[in-house]
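Asker: Now that you have both chains on their own, put them together as the hints suggest.
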Amino acid sequence: MDVFLETFLNWRIVQEAWPILWQGFQATLLLSALVVPLGLAGGVMIALLSTATTPWVRWPLRVWVDTFRALPPLVLLVFIFAGLPFIGLDVGAWGAVAIGFFLNTGAYYGEILRAGIESVPRGQIEAARSTGLTRGQAMAYIVLPQAVRNVLPDLISNTLEVVKLTSIASVVALPELLFQARQAQSVTYNATPIMAAAVAYFVLLWPVVRLLSRLENRQLAGRR
Amino acid sequence: MTGWERFTDSFFNARVMAEYLPKIVDGFVLTVWLALLIIVAGLALGLLLAVLRAFGLRPLNWLIVFTVDLFRALPPLVIIVLLFFGLPNAGIELSGFVASWLALTLVLMAFAEEIFWAGITSVPKGQWEAARSTGLGFVQTLAFVVLPQALRITIPPLTNRTIAITKGTALASVVAVQDILGAANAGVSFSFNPSPLTLGAIAYLILFFPVVVLGRWIETRFAWRR
Chain A
292 MDVFLETFLN WRIVQEAWPI LWQGFQATLL LSALVVPLGL AGGVMIALLS TATTPWVRWP
352 LRVWVDTFRA LPPLVLLVFI FAGLPFIGLD VGAWGAVAIG FFLNTGAYYG EILRAGIESV
412 PRGQIEAARS TGLTRGQAMA YIVLPQAVRN VLPDLISNTL EVVKLTSIAS VVALPELLFQ
472 ARQAQSVTYN ATPIMAAAVA YFVLLWPVVR LLSRLENRQL AGRR
Chain B
35 MTGWERFTDS FFNARVMAEY LPKIVDGFVL TVWLALLIIV AGLALGLLLA VLRAFGLRPL
95 NWLIVFTVDL FRALPPLVII VLLFFGLPNA GIELSGFVAS WLALTLVLMA FAEEIFWAGI
155 TSVPKGQWEA ARSTGLGFVQ TLAFVVLPQA LRITIPPLTN RTIAITKGTA LASVVAVQDI
215 LGAANAGVSF SFNPSPLTLG AIAYLILFFP VVVLGRWIET RFAWRR
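Protein sequences, first through last, are from chains A and B.
According to this note's numbering, the stretch in the first sequence is residues 292 to 515, in order.
According to this note's numbering, the stretch in the second sequence is residues 35 to 260, in order.
For the record, the hints were derived by calculation from the structure and aren't laboratory data.
Keep in mind the model is a prediction, meaning the values are calculated, not measured.
Where hints are given, some of them may not hold.
[As the list claims (entries may be wrong)] Computed beta-carbon distance windows for the label pairs:
# : chain 1 : residue 1 : chain 2 : residue 2 : range
1 : A       : Ser421    : B       : Thr36     : 51 to 59 Å
2 : A       : Thr345    : B       : Leu82     : 24 to 32 Å
3 : B       : Trp251    : A       : Thr425    : 32 to 40 Å
[Stated by the list, open to error] Covered stretches of chain A (chain B as the covering partner; in silico rule of three or more C-beta atoms under 8 Å from a C-beta of chain B):
# : region
4 : 294-305
5 : 319-327
6 : 368-374
7 : 458-470
8 : 475-485
[Stated by the list, open to error] Away from chain A, derived, C-beta distances all over 12 Å, residues of chain B:
#  : residue
9  : Arg40
10 : Ala52
11 : Leu55
12 : Val74
13 : Ala75
14 : Leu79
15 : Leu86
16 : Ala88
17 : Leu91
18 : Val112
19 : Gly130
20 : Ile149
21 : Thr168
22 : Phe172
23 : Val179
Glycine is no exception: its CB is placed at the ideal position from the N, C-alpha and C atoms.
Just chain B, with the same shape it has in the complex (with noise of 0.2 Å):
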């Protein structure tokens, strides 16, 4: 066999990856779900928590800043582990695939709540003061002049993180989960020839290439000219 034909059996094997095609189309959905169901909990519990602190009642502030610090210092890896290999040991089952959206929801949660934060702060004072003063409430200058300004400078910002945040789906294999580089994982082990791996590889490129190049056009399009 010459080189390059040892390298195509390897990394393209047709018989191999016909094989396994199902699976890993399986394993894209799971990463789909996944993806989704962490952005939707993670933007929402971070615009709340960036909701709260608007507030301004000092206890419950401290504890907002130390929980996202705490998100934002740790591994998603680790919390992952913890959540999977450490409860157990207390009792408290968790399947890999609740163990890792809760993680990384958790962490998606953190970084949001720091944009959207920085977002309601980058509002001047003057728009606070201006609304309160034509009879807004507090809630309602918050919700109808302060967010609607806070959130498109977030905007840019958030979609990286986003992206950054749910490329870690892929870490859920880590803990059985039959995502797309569990299934390929799976594959590999079962079939010993590592074209799953390339299919796998090609699955994540087909799901975030499009996601990449709209980050960046986002960022440029929603930028502020300095």
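Same shape as in the complex, but just chain A (with noise of 0.2 Å):
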């Protein structure tokens, strides 16, 4: 026990290893910053264009949506970072992330909010542009709107998704809170960095969990 203690919940090494992991704590929560809008805007781009009537459009992008919902966000974003620069193009962690997260988030979101598009009632597009509202009027005041909270468990559960796959951005060495939590403890020989990278995690993200646990609950139950 006396091991396990020293090891995992060494207060002097937290106290030591603060600086690197608050900095780590704020870098998280800018990328979270980042690729969340990013995610979103690609989301409603994919959504926006599946309306869309012609199979055209309907069946390449459902192909883009199935092929980034089938890669592994981490394939993904060791392909950018590792592979491109082979031909020239490097775009650095941060890019690398920021393009890996805007093509699989973007997809995620996309198909939650297609869902949410689809389960507004025709009858209300119809309505809204009969009252003279244009069509991009009616989908940005009306059915959006409606859309948008009819899928809100998913969008969090999404978002709180994303928050977590931001750890992954330690593989291309970018400085978040579980890259600077490993340096930590390679600086200390010590577990108790890494603990409390994921204390840190915890405590960010158990309120989303609890609200999304309620929400869930709900949702299935309601479905009877």
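Answerer: And the structure:
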């Protein structure tokens, strides 16, 4: 037990590693603030395109979405970070993360928003159009707000996954929380920094998990 | 060399691809094994926890809810790193494969418990009461009346979550497992050519594209009419 406390919950090590960990925590927040809007923007684009009636848009779009849902995000990230420089495209760690997350999370957000748009009855858009709103206005003011409300639990759930997923940026040496914790561990020969990072993630994300748990229970129960 | 030649020479280099194809195939087999072991263990543990929770023992339920919340909030890679790089500092060594399997199993367990539990609570109380009044015991009611109804509505969310978590097997490459991504990374550093990564990406698409399409089909097939 003493060995366990010494290696995983060592207060002295926490104090020593604090500046490095704090930098990492800030970078994780910044990274999330970058990739969540990027993914949402990609998702809105995909969802709007998927309302197109012509199969020449719908089918390529579906292949695009399924491709990026099928590729593990880490594979995509490594491909962009380590593969593209071979043809002279060196986008750096931040660039690679931004592009990878745009493609991956964009596909997920797109699927969710598409389902949301489809859940809004056709009568809504017809009524909106008949009052004189243009297609774009009807989409922006009538359909999207209802669509977002209908799939809000899924949107929050996906955002939670995106924030958790930022930890893979450590693989391309972006100094976010997990990367900094590993650095601190290799300096101190002690696993406490990684434990501290885990605690930080938990404290940050637990309220979201609680909220989701309530929303999901209600949603699944409501299907009967 | 023109730009196009440079592109094909880098990403579709036939010589390099032929050389590393066997390694990628080995990695493919390893990834499939890892994924299957995660799915079996994760779903079984998740169902077990949900059933235990149905007994309604307060302290036990708090423990279950906390465990589930913990593994839903922690990024899988953090758990893998903690198990693989952290435990050795306390004298416990896990192989990369075991660390990845254990981490992703715990994550799937947490998500599966949540979904199974939601399914169980969605079965109307009248079903419980009717079953009990015909003389079935608590366990019999749960097993023969409640669970069959609960499991059906859990299928779509469970499928999607399982797919998402098994894609996390690529994280095992971080702890030196020679799965598809691990083998591809090794290939790139030996050949100094990114074609093995192209092969790796293709391998993942072969593995997961049908699964994603299947998940989409299941979602519409089992969808509850609103």
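Asker: Decide, hint by hint, whether the structure agrees.
Answerer: Hint by hint, here is what the structure shows:
1. A:Ser421 x B:Thr36: 51 to 59 Å: holds (56 Å)
2. A:Thr345 x B:Leu82: 24 to 32 Å: violated (49 Å)
3. B:Trp251 x A:Thr425: 32 to 40 Å: At 36 Å between Cβs, range holds.
4. 294-305: holds (count 4)
5. 319-327: The restraint on the region 319-327 of chain A is violated, since only 0 of its residues have a Cβ under 8 Å from chain B and three are required.
6. 368-374: holds (count 4)
7. 458-470: Per the Cβ count (5), the hint holds.
8. 475-485: It holds, with 5 qualifying residues against the three required.
9. Arg40: violated (6 Å)
10. Ala52: With a cut-off of 12 Å, alanine 52 of chain B remains clear of chain A, as the shortest Cβ separation is near 18 Å.
11. Leu55: holds (17 Å)
12. Val74: holds (20 Å)
13. Ala75: holds (20 Å)
14. Leu79: The claim stands: leucine 79 of chain B keeps its Cβ more than 12 Å from every Cβ of chain A (closest is about 18 Å).
15. Leu86: holds (17 Å)
16. Ala88: Non-interface label on alanine 88 of chain B holds, nearest chain A Cβ at 14 Å vs cutoff 12 Å.
17. Leu91: holds (19 Å)
18. Val112: Given that some Cβ of chain A is not farther than 12 Å from that of valine 112 of chain B, nearest at about 5 Å, it is violated.
19. Gly130: The claim holds: glycine 130 of chain B sits with its nearest Cβ about 14 Å from chain A, beyond 12 Å.
20. Ile149: violated (8 Å)
21. Thr168: holds (22 Å)
22. Phe172: holds (21 Å)
23. Val179: holds (15 Å)
Figure legend: structure checked against the earlier numbered hints; hints not met, in rising order: 2, 5, 9, 18 and 20.
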